[in-house]
Amino acid sequence: MPTIVVDGPRIPSIELKRKMVEGLTDVAADVYGFDRKIIHVLIRENAPENVGSGGRLIADIHAERSET
Numbered sequence: 146m147p148t149i150v151v152d153g154p155r156i157p158s159i160e161l162k163r164k165m166v167e168g169l170t171d172v173a174a175d176v177y178g179f180d181r182k183i184i185h186v187l188i189r190e191n192a193p194e195n196v197g198s199g200g201r202l203i204a205d206i207h208a209e210r211s212e213t
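Quick note: the sequence shown, position 68, residue 213 per my numbering, numbers continuous.
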C-alpha cells in the first residue's frame, strides 16, 4: 500500500486538506494503477519554530521579513 507523506506548514482548513488528500490519491492511483482505497496520505503540519532552513528557524526568517 503506497503511503504519501506531506511535511509542511499548517493547512488553514479541513476543506483544503480534503482537496490535497483527494488530489494526491488520484495521482498515485493513476500512476501505480492501484485502487484508491489502498493509498494512504499523511499530513504532518509543522510550526515555523520547529523547522529550519539554511541553518535558521523559519519563525526567525518570517519575523525578519515582517520587520522590513
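In case anyone wonders, no lab produced these hints; they're calculated from the structure. Keep in mind that the hints are not guaranteed to be accurate.
DEER-style ranges, computed between Cβ atoms [unchecked claim]:
no.	residue 1	residue 2	range
1	I206	G178	38 to 44 Å
2	A208	R181	24 to 30 Å
3	K162	P193	24 to 30 Å
4	D180	S211	43 to 49 Å
5	D175	V150	33 to 39 Å
6	K162	G200	29 to 35 Å
7	G199	A174	33 to 39 Å
8	D180	E212	49 to 55 Å
9	E209	L161	36 to 42 Å
10	E209	R155	43 to 49 Å
None of the values given here were measured: they were computed from a predicted structure. Ideal Cβ positions, reconstructed from N, Cα and C, are used throughout, including at glycine.
**Message:** Quick check on a hinted range of 36 to 42 Å for E209 and L161, using CB atoms only.
**Reply:** Check failed, 27 Å falls outside 36 to 42 Å.
**Prompt:** Do the Cβ positions of K162 and G200 conform to the proposed distance bound of 29 to 35 Å?
**Reply:** holds (30 Å)
**Satisfaction of the hinted span 24 to 30 Å by the C-beta atoms belonging to A208 and R181** = Violated, since A208 and R181 (Cβ atoms, about 41 Å apart) do not stay within the stated range.
**Prompt:** Okay, E209 versus R155 on CB: inside 43 to 49 Å?
**Reply:** violated (20 Å)
**Asked** Honestly, do K162 and P193 meet the 24 to 30 Å range at C-beta?
**Response** At roughly 19 Å between Cβ atoms, P193 and K162 fall outside 24 to 30 Å, so the hint is violated.
**Message:** Given a hint of 49 to 55 Å, does the C-beta separation of D180 and E212 actually sit inside it?
**Reply:** Given range 49 to 55 Å: holds, Cβ gap about 51 Å.
**Message:** Does the beta carbon distance between I206 and G178 stay inside 38 to 44 Å, or does it fall outside?
**Reply:** holds (41 Å)
**Request:** Can you let me know if the beta-carbon spacing of G199 and A174 is within 33 to 39 Å?
**Result:** Check passed, 36 Å falls within 33 to 39 Å.
**Request:** Take the C-beta atom of D180 and the C-beta atom of S211, compute their distance, and say whether it sits inside 43 to 49 Å.
**Result:** holds (46 Å)
**Message:** I want to verify a distance hint. Is the separation of the beta carbons of D175 and V150 within 33 to 39 Å?
**Reply:** Because 19 Å falls outside the window, the suggested range is violated.
In the structure shown, a violation is registered for the earlier hints numbered 2, 3, 5, 9, 10, in ascending order.
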